[in-house]
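Work out the full structure: start from the sequences and follow the hints.
Here are the chains, one letter per residue:
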Amino acid sequence: MPTFDYAPAPESRSVVTIANSYGLFINGEFNDGHGTPFDTINPATEEVLAQVSEASTADVDRAVKAARTAYETVWSRLSGADRGKYLFRIARLLQERAREFAVLETLDNGKPIKESRDVDLPLAAAHFFYHAGWADKLEYAGLGPAPRPVGVVGQIIPWNFPMLMLAWKVAPALACGNTVVLKPAETTPLTALLFAEICQQADLPPGVVNIVTGAGATGQAIVEHPDVDKIAFTGSTEVGKLIARTIAGTRKRATLELGGKAANIVFDDAAMDQAVEGIVRGIFFNQGHVCCAGSRLLVQESVHDDLVHRLQRRLATIRVGDPMDKNTDLGAINSATQLARVTDMVAVGEAEGAHRWSPVCELPSRGFWFAPTIFTGVSQAHRVAQEEIFGPVLSIITFRTPAEAVAKANNTPYGLSAGIWTEKGSKILWMADQLRAGVVWANTFNQFDPTSPFGGFKESGYGREGGRHGLEGYVTTGGAR
Amino acid sequence: MTTVAHDLPPVSDNAALTRWLHGLPGVDQVGLEARAAGLSTRSIKTTSKAWAIDTAISMIDLTTLEGADTPGKVRSLCAKALVPDPSDPTTPRPAAICVYGDLAHVAREALGDSGIHVAAVATAFPSGRASMPVKLADTRDAVAGGADEIDMVIDRGAFLSGRYLQVFEEIVAVKEACRRPDGTSAHLKVILETGELATYDNVRRASFLAMRAGGDFIKTSTGKVAPAATLPVTLLMLEAVRDWRELTGVQIGVKPAGGIRTTKDAMKYLVTVSEIAGPDWLTSDWFRFGASGLLGDLLLQRQKLATGAYSGSDYVSID
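Top line first, the protein sequences correspond to chains A and B. Under this note's numbering, the very last position in the first sequence is 481; numbers go up by exactly one each time. Under this note's numbering, the very last position in the second sequence is 800; numbers go up by exactly one each time.
Treat the hints with care, as some may be off.
Below, a list of computed lysine-lysine pairs in the PhoX-like style, where the Cα atoms sit at most 25 Å apart [claimed, not checked]: (1) B:K705 <-> A:K326; (2) A:K326 <-> B:K745; (3) B:K745 <-> B:K705; (4) B:K745 <-> B:K526; (5) A:K458 <-> A:K241; (6) B:K530 <-> B:K745; (7) B:K530 <-> A:K326; (8) B:K526 <-> B:K785; (9) A:K326 <-> B:K785; (10) A:K458 <-> A:K408; (11) A:K137 <-> A:K85.
Just so you know, these hints were derived from the structure itself, not from any lab.
Below, the structure is given as structure tokens:
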């Protein structure tokens with residue numbers, strides 16, 4: 001039998017230059033932090049990529065001061081049209097340097113180059129373009145009378161889409177006239193630091209964007225800083241609650257985009273082959289490191305066996321390995337910590353009695369890897385049906401009627417996203433009405449667009465990002481401040 | 482485990498056939514096209530590319546289907562098939578020469594016992610608008626002329642007006658007309674003309690209908706209607722033959738035809754064959770390209786891989 005073995009097709013890393021060490025980006029310049037420097041590694045090889053400064057509380061204070069000064073003296077005084085010009089410039093620079101960013105993202109994060117190249121970077125640029133267009137039209141966005149910026153915004157982003165989450169945060173903040181202190185995740189700081197170069201290249205006034213690297217303590221310093229007007233956070237529900245508690249009773253506002261345990265609901269009248277693709281995209285896109293991942297498959301009992309068979313057949317063709325190879329579908333788990341978490345949760349699933357299955361696949365010996373995994377025989381009571389795993393692990397649950405599907409889909413503390421698969425339009429509309437989820441996809445999954453608001457119900461957080469609704473978090477209207 | 486949760490229907494009754502075909506899972510257009518676009522991004526390099534080029538060449542039905550065709554033109558095409566690249570004798574030969582039925586004997590004579598098949602289009606190709614006796618005579622004539630393979634067209638009018646039983650019975654009858662006096666039979670490729678079926682749901686139904694009626698291959702297009710072969714349509718038909726084998730144990734071939742002109746295109750199709758239907762379909766017994774210009778580009782790319790330099794279109798023969 002002939003086989004079509006794809007020869008290695010590695011993307012070249014020569015397009016990007018990684019420095020040995022990086023400082024903090026404060027007031028338009030790089031300077032060393034006063035905390036303990038830490039390494040950032042390539043999770044696919046465990047190779048150290050660079051040493052990164054840790055921002056101390058004093059460093060965060062410098063960054064906030066720079067942001068405040070830039071806000072008071074420059075950025076809030078610029079016309080919307082002028083702010084828009086800077087954002088357009090940043091968007092174009094991101095497009096021009098997209099390959100460099102994509103390679104760096106894949107090296108630092110472990111995601112396949114295919115995804116950083118085709119999803120993360122194009123979308124990041126699109127967010128800047130989209131918000132650049134809003135900058136001079138905020139009065140007409142229906143946000144209320146005379147929208148004004150909030151002030152200095154502290155932004156804390158996760159490691160799963162480092163550059164894209166930066167764009168989601170920075171673009172609307174700047175468009176609305178705010179200045180920013182942003183902290184990228186400690187395992188994926190490099191593209192944010194490269195973005196600092198873009199800010200310089202775009203001649204963005206110093207202090208409008210400040211990037212401070214570090215872990216939880218640095219984030220806490222931002223959240224607790226008295227001169228920060230708003231916190232925008234994407235990350236775990238646990239940390240989100242901590243932030244909400246910290247800022248309670250202060251003037252600070254917050255938008256929180258937290259965890260999820262999305263149901264991807266497949267009815268017996270679905271377009272099955274495309275549903276299989278949607279399931280794969282739902283849970284194996286970005287190694288399942290997606291807050292809105294379709295980590296629960298709710299399948300109508302009458303087609304369960306057929307669908308599982310189709311899914312298993314499909315998963316046998318998933319290519320796991322070197323993220324820099326253009327044919328890789330599933331890359332590395334982002335960190336040893338996350339790998340341990342995924343491994344533990346899968347052990348829990350097995351102990352709970354769910355049936356575990358993975359395709360035959362050879363995992364590299366170095367780096368952090370986890371084979372695509374599905375659990376059948378999962379029930380609502382299982383932890384793998386309730387808790388976010390944040391890895392390439394799918395829990396399959398059955399239902400009998402649309403009402404039961406809704407009940408099970410809504411029966412988690414989360415409510416970020418959901419997917420519906422049926423060829424029947426009326427069922428889509430009925431389901432979408434019943435599902436308590438911020439995003440409901442019909443016959444597709446994990447589609448993102450800057451024009452579409454994104455955010456959660458319940459413990460998945462509050463506030464929206466993207467679209468007109470996303471602007472609301474970055475303006476204040478009327479007399480209140 | 483079967484993957485298509487439908488029992489095979491009785492075929493004596495249009496209503497039963499309709500229920501079966503309409504009970505097949507639907508096709509979501511956006512999802513199907515996204516899947517095809519995803520497979521198109523596979524990067525095929527070095528040794529894989531060399532293998533894929535040779536495989537693609539061996540899968541070509543080298544085709545001339547013009548009103549202006551002559552014995553001379555057909556002989557010229559046969560000569561090209563026999564020696565695709567005079568500068569490199571290791572170049573594989575295409576699978577077949579595809580001509581109109583009246584020229585099948587010319588191709589037969591020119592190809593001799595080379596192993597290259599003669600494929601002839603029949604059944605009032607390309608429209609299929611003729612009475613059954615005419616279609617059957619057309620078929621028998623081509624078989625008698627030495628065709629190893631018959632590329633028939635379905636009656637798209639009948640299909641679109643829901644007369645599935647009629648389409649089914651025509652395929653069965655043409656299959657019967659493919660039988661030779663010695664009891665052997667020409668292979669039957671069933672052209673769905675997907676550009677006229679218009680929807681992916683129709684393509685899936687027509688694929689299952691053709692397979693149920695005994696077609697050995699399902700083929701996308703005549704090449705006379707736009708769009709001809711597309712990657713999503715071919716992907717869908719590859720899903721159909723994959724599912725059909727799981728359901729019945731019978732393997733059916735797939736032939737996209739028309740519009741596939743470049744090596745890059747051919748790579749995308751082979752990736753799709755490999756990842757959708759699986760490696761069992763990666764031979765000329767189970768997958769063909771209906772094309773005329775494709776061979777030239779494959780030969781150019783083959784030379785490029787061997788020598789490291791592009792020659793140019795004047796360094797491969799036009800036919």
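Against the structure, the hints come out as follows:
no. : hint              : in the structure
1   : B:K705 <-> A:K326 : violated (36 Å)
2   : A:K326 <-> B:K745 : holds (16 Å)
3   : B:K745 <-> B:K705 : holds (22 Å)
4   : B:K745 <-> B:K526 : holds (11 Å)
5   : A:K458 <-> A:K241 : holds (12 Å)
6   : B:K530 <-> B:K745 : holds (10 Å)
7   : B:K530 <-> A:K326 : holds (15 Å)
8   : B:K526 <-> B:K785 : holds (13 Å)
9   : A:K326 <-> B:K785 : holds (22 Å)
10  : A:K458 <-> A:K408 : holds (15 Å)
11  : A:K137 <-> A:K85  : holds (13 Å)
The structure fails to meet hint 1 from the earlier list, while all remaining hints are met.
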